[in-house]
Amino acid sequence: MKSLLLKHNRNISAAAGSTVKIVSILISPMDWQGQKLAEHLMQLLLVCFAVVAFITGYVLGSFQTMMLIYAAGVVLTSLLVVPNWPFFNRHSLNWLDPSEADKHPKPHPAISGPKKKTAKK
Amino acid sequence: MHSFGYRANAMLTFSITILALMCAMASVSDNFNSPSPTSEVQVLNINWFQKKPDGDDEVSLTLNISANLESLFTWNTKQVFVFLAAEYQTPKNALNQVSLWDGIIPSKEHAKYWIHTTNKYRFIDQGSNLRGKNFNLTLHWHVMPKTGKMFADKIVMTGFRLPQAYR
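Protein chains in written order, with the UniProt record's numbering: chain G, 1 to 121; chain A, 1 to 167.
Keep in mind that the hints were calculated from the coordinates and are not lab data.
Hints may be right or wrong, so weigh each one.
[Unchecked claim] Going by beta-carbon spacing under 8 Å, a handful of chain A positions derived as facing chain G:
| # | residue |
| --- | --- |
| 1 | Ala10 |
| 2 | Met11 |
| 3 | Leu19 |
| 4 | Met22 |
| 5 | Ser29 |
| 6 | Met144 |
| 7 | Lys146 |
| 8 | Gly148 |
Heads up, the beta-carbon is just placed ideally off N, CA and C, and yes, glycines get one too.
Work out the full structure, taking the sequences as your base and the hints as a guide.
Structure (structure tokens):
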């Protein structure tokens with residue numbers, strides 16, 4: 001009975017793990033190098049597919065061929081660039097450690113009220 | 001590129017911009033096509049030629065229209081709209097154009113045309129000027145592209161004449 005329950009719990013956590021993975025691929029933020037890669041990849045892939053599509057369509061004399069090749073290119077590029085794949089997150093951002101941050105307090109902005117004659121401390 | 005929504009939006013915008021550019025290039029490529037269409041029309045018979053009760057002349061013709069419009073078609077052509085117009089001059093109007101027949105050619109395979117028909121639309125004059133009239137039969141066509149600007153051209157065939165008396 002206990003072993004059955006344990007197995008059940010492990011299955012649930014495994015499922016939860018993969019759901020977390022899918023969700024993280026969709027909505028977690030991308031690091032800076034990844035963003036640069038994503039942008040360049042998108043531009044390069046779309047332009048290449050457009051060029052190939054146009055030349056193929058023109059040579060074959062078929063407008064539909066051009067549209068189909070380009071549509072396939074758009075779908076492929078979207079799958080590659082829009083979700084937050086792991087290879088976009090290889091250079092993760094190193095935020096400052098909290099204990100380190102405490103040693104260097106944030107400078108307070110000067111309390112700027114109307115310039116009245118206030119006695120300086 | 002920092003979030004899913006941003007990347008999806010950038011993807012969509014960029015891909016549509018490039019699509020617009022491709023369509024513009026396809027339209028420009030049409031200018032490299034120099035078409036050489038041919039056409040021939042024969043008036044086989046004047047079926048009847050009468051003056052209507054309201055005073056206008058009307059003619060019914062049987063025509064034999066043959067045309068080869070294959071060279072008009074490019075990869076960017078959706079269809080060709082072709083019509084035959086009778087053109088003549090009267091004291092009242094410098095140019096009268098009456099459309100006698102039209103058709104749509106959907107593809108290059110159908111572009112070698114041969115048709116034997118009476119006029120699809122009535123040949124009615126504004127007035128009573130058609131007796132003994134010399135007229136031209138002009139084949140006009142409009143090339144409708146898949147993307148881009150539509151352009152039109154024509155072939156003028158001269159030498160047709162209506163009889164002097166009503167029949």
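Hinted contact A:Met22 with chain G - closest CB pair below 8 Å: Since chain G brings a Cβ to about 5 Å from A:Met22, closer than 8 Å, the hint holds.
Minimum beta-carbon distance criterion (8 Å), A:Met144 to chain G: violated, 13 Å
Status of the A:Ala10 interface restraint (C-beta, 8 Å, chain G): Holds. Min distance 7 Å.
Given hint A:Gly148 near chain G, where the shortest CB pair must fall under 8 Å: violated, 11 Å
Hint check: 8 Å Cβ-Cβ cutoff, A:Leu19 to chain G: This hint holds: A:Leu19 lies near chain G, its Cβ roughly 7 Å from the closest one there, short of 8 Å.
Closest C-beta approach of A:Met11 to chain G relative to 8 Å, hint status: holds, 5 Å
Interface hint outcome for A:Ser29 [beta carbon to chain G under 8 Å]: holds, 6 Å
Per-residue hint verdict: A:Lys146, partner chain G, C-beta under 8 Å: A:Lys146 check passes; min Cβ-Cβ to chain G is 5 Å, inside 8 Å.
Consistency with the previously given hints fails for numbers 6 and 8, ordered from lowest to highest.
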